[in-house]
Each structure stands twice: as structure tokens, then as C-alpha cells.
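There are 2 protein chains.
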Amino acid sequence: MIKQKGILFVLSGPSGVGKGTVRKSLFEKDTNLKYSISMTTRAMRQGEEEGVDYFFRSKDEFETMIEEGRMLEYAQYVGNYYGTPKQYVEEMIELGHDVFLEIEVQGALQVKENYPQGVFIFLIPPSLEELKNRIIDRGTETEDLILNRLTEAKNEIEMMDKYDYVVVNDNIEEAVSRVQSIVVSEHCKRERVAKEYKAILEGENK
Amino acid sequence: MIKQKGILFVLSGPSGVGKGTVRKSLFEKDTNLKYSISMTTRAMRQGEEEGVDYFFRSKDEFETMIEEGRMLEYAQYVGNYYGTPKQYVEEMIELGHDVFLEIEVQGALQVKENYPQGVFIFLIPPSLEELKNRIIDRGTETEDLILNRLTEAKNEIEMMDKYDYVVVNDNIEEAVSRVQSIVVSEHCKRERVAKEYKAILEGENK
Chain X
1 MIKQKGILFV LSGPSGVGKG TVRKSLFEKD TNLKYSISMT TRAMRQGEEE
51 GVDYFFRSKD EFETMIEEGR MLEYAQYVGN YYGTPKQYVE EMIELGHDVF
101 LEIEVQGALQ VKENYPQGVF IFLIPPSLEE LKNRIIDRGT ETEDLILNRL
151 TEAKNEIEMM DKYDYVVVND NIEEAVSRVQ SIVVSEHCKR ERVAKEYKAI
201 LEGENK
Chain A
1 MIKQKGILFV LSGPSGVGKG TVRKSLFEKD TNLKYSISMT TRAMRQGEEE
51 GVDYFFRSKD EFETMIEEGR MLEYAQYVGN YYGTPKQYVE EMIELGHDVF
101 LEIEVQGALQ VKENYPQGVF IFLIPPSLEE LKNRIIDRGT ETEDLILNRL
151 TEAKNEIEMM DKYDYVVVND NIEEAVSRVQ SIVVSEHCKR ERVAKEYKAI
201 LEGENK
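Chains as they are written, first to last, in the UniProt record's numbering: chain X, 1 to 206; chain A, 1 to 206.
Derived from the structure by calculation, the hints contain no laboratory data.
Treat each hint with caution, since some may be false.
One copy or any two copies: either way a pair holds, since identical chains are not told apart in the list.
[Claimed, not checked] DSBU-like cross-link-like pairs, simulated, lysine-lysine; straight-line CA separation at most 35 angstroms:
#1 LYS162 x LYS112
#2 LYS154 x LYS86
#3 LYS59 x LYS24
#4 LYS5 x LYS195
#5 LYS189 x LYS112
Please put together the full structure from these sequences, using the hints given.
So this is what it looks like as C-alpha cells:
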């Protein structure tokens with residue numbers, strides 16, 4: 001068979017669109033994907049494991065990694081750093097595993113700058129009305145916050161042009177199946193297959 | 001939902017690779033694809049229907065269509081013309097149907113010249129050894145013909161670079177499933193979705 005390197009797939013989209021649900025459902029079906037493990041400076045909680053839930057690092061270590069360009073993306077949240085270390089992703093990809101990263105829009109844009117050969121998938125709601133309903137259904141937001149998040153979502157949707165694929169999340173099963181199709185089809189792209197295949201044929205001709 | 005135009009998918013590959021089998025199996029599963037109906041100057045046979053098996057035309061009519069640039073591709077075989085009329089494909093695509101065309105390599109390259117916005121899929125054998133076995137298994141060829149066809153296959157495989165996707169036909173079910181993934185994933189490409197989606201959002205904002 002034709003050996004291929006793995007591919008980094010990045011799933012993003014406006015908050016409230018259902019990225020997490022799609023990711024969970026995808027991982028229940030597809031065991032070939034490796035989930036990209038994040039790095040954080042926050043304290044380890046009970047039940048969490050190093051290298052499983054997060055890579056836990058000190059603030060100094062994290063900042064050194066940022067300076068050395070070893071993060072695909074990072075952000076600060078409530079005084080702690082969270083981010084995606086480059087090394088894990090690159091190692092998995094060299095070994096031929098696909099890596100899957102689910103991340104908010106700003107993070108995805110950082111990944112694209114640092115790893116443009118990734119495949120970027122944008123999850124969208126069927127309509128803004130539907131997105132509003134989903135945010136309201138969470139029941140955790142005040143009316144002002146809902147309006148803020150909708151405005152932010154509209155701005156984020158403008159970022160669509162930076163992505164390779166757009167998947168409508170009208171139905172979880174359908175959305176997951178579309179993402180799975182993108183994974184399969186990316187591996188069939190001629191530029192990923194042709195060189196290796198021709199080398200196999202050359203080998204046979206000897 | 002987001003309305004999209006249809007897409008022309010062209011499946012090709014060296015002779016003996018199993019294009020016909022993949023196409024038949026695909027059409028048993030996927031009823032959204034329209035099969036592109038060929039045009040011919042050969043006589044209608046018993047049981048055949050105009051516009052179902054072929055569009056039957058006189059030699060004069062066929063040659064007029066060639067002159068007027070109304071064929072996506074054509075070839076002569078045993079004194080008759082065979083080809084793909086542009087109009088049927090364009091009408092289906094305008095109506096939002098995907099059109100599927102299974103064709104040998106020379107024909108596919110003609111289609112690419114006349115309709116570069118199509119999606120071109122190249123079916124390959126897992127190895128030349130396997131292709132040789134498949135040609136021998138048909139049992140209809142002399143040894144010389146088998147060698148000729150293998151040489152031709154090698155030359156045709158060089159044409160791979162003209163294609164968007166390469167699908168290995170190691171197993172019919174797998175190959176069909178890969179083609180189905182390509183169909184789904186092409187419809188998720190950002191450039192096919194973004195403009196229409198933004199128009200929907202603009203509409204909602206009014």
C-alpha cells in the first residue's frame with residue numbers, strides 16, 4: 001500500500017455552533033484520528049493525567065516554548081496559558097497518523113499561520129437564527145451576552161475565507177459524516193499520492 | 001439550506017483497472033448522481049432507448065456538433081462516433097445535480113480541456129503486477145496484447161498529474177467509498193459554499 005504522512009485537520013467555527021459535539025461524535029467513530037493534546041499552565045485537577053488530558057507545564061516553561069516558536073497557537077485565559085505544542089502534532093504526522101484539533105476561531109487562525117499545510121474546516125450553523133437559539137438553549141447567558149456572542153459569531157463567520165472547507169451543522173450525524181468524507185478525500189488528493197505511487201511503480205519496473 | 005450547482009465528476013484510469021465495476025457499484029448506492037449519457041452514430045440495438053442508453057444521431061449531425069464545439073469529448077471506434085454532449089451535462093449541473101462520467105484516459109483529458117471546472121478522479125491498480133493479473137483474468141487477450149496493454153497502462157499512469165484525486169482500487173467497496181467521500185467533500189469546499197452562505201446571512205440581517 002501507499003504510505004502517507006498524516007494530515008493535521010483543524011475544526012473551528014463560531015462559538016455555539018457545536019464544535020465539541022461534532023468532535024466527540026467523530027472520535028466515537030474514527031479511531032485513526034489522534035486528538036491533539038493541549039498544553040496548559042493551570043494546576044492538574046484530580047483524575048487528570050499528564051499527556052492525556054493536558055501537558056502540564058510551569059508558566060516559565062510555557063513562555064520559553066512560546067519564545068522558541070514551539071507552539072502552534074496559544075492564548076491566555078483567567079491567568080493561565082493554554083496552547084497546542086508543535087512537537088506532538090509533528091511527531092504523529094511523521095508516523096502517518098492524522099491529528100485532529102478542535103479550536104476556536106482565533107486559535108485556528110494562529111495554527112494556519114504556523115502550519116499552513118493543515119486542512120482547515122469551518123463549522124457553521126444553518127442560520128444565525130439557529131445559532132441564537134442554540135446559545136439561548138444553553139441557558140447560561142444573559143441577554144446582553146447573547147447579543148455580544150451573536151455579533152462575535154457574525155465577525156467570526158467573516159473568517160470563513162481562510163478555511164479550506166465549510167461544513168453546515170444542520171444535523172450532528174450529517175456534519176460528522178461530512179468531516180469524515182473530508183478526511184478520506186484529502187488522502188486521495190493527487191499531490192499526496194502521485195509521488196509515492198510512481199516510486200512504487202519504478203520499483204516494480206526494476 | 002444552501003443551494004449549490006452540481007459538479008461534474010470524471011472517473012478515469014488505465015484500462016483493466018476496474019472503472020466500470022466501480023461506477024456500477026457507485027450507482028447502486030448513490031441515487032443523487034446523474035450518469036452522463038453518451039451520443040453515438042451507431043445503429044440503435046433492440047431494447048435500447050433514445051436518451052437512456054445513448055443519444056442516437058446521424059454521422060452528419062454528430063460532425064456538426066463537433067464543429068460547433070458542442071461535445072465535451074469524442075472518439076471514433078469501428079467506424080462510428082462516440083462522445084459526450086456538453087448540453088446534457090450543463091443542464092443537469094444548472095439544476096443542481098452532480099453528473100458522473102466514466103471514461104478512458106484520452107477522453108478524460110479532452111473533457112478536462114473543455115470543462116476544467118470538473119473534478120477528475122484517477123483510478124489506479126494497487127500495483128502493475130495486480131493490473132497484469134486483472135488483464136490476464138479477463139482471458140480475452142493474447143500475450144502480445146497483454147504486454148501492449150501494460151505498456152499503455154504505464155503511459156496512462158503518467159497522466160495522473162492531470163487529475164485532482166487518485167483512488168487506489170485495491171478493493172471495490174473501499175474504492176467506491178473513497179469516490180463517495182470525494183463527492184461529499186467537494187460540496188464542502190469553501191469556494192463552493194461561502195458566497196451563497198454569506199448571501200443567506202445578509203438576507204437574515206435585513
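We went through each hint and held it up to the structure:
1. LYS162 x LYS112: both (8 angstroms within a copy, 28 angstroms between copies)
2. LYS154 x LYS86: within (30 angstroms within a copy, 40 angstroms between copies)
3. LYS59 x LYS24: Classified as within; 29 angstroms inside a copy, 59 angstroms across copies.
4. LYS5 x LYS195: For LYS5 and LYS195, the Cα distance is within 35 angstroms both inside one copy (12 angstroms) and across copies (33 angstroms).
5. LYS189 x LYS112: For LYS189 and LYS112, both the intra-copy (20 angstroms) and inter-copy (17 angstroms) Cα distances are at most 35 angstroms.
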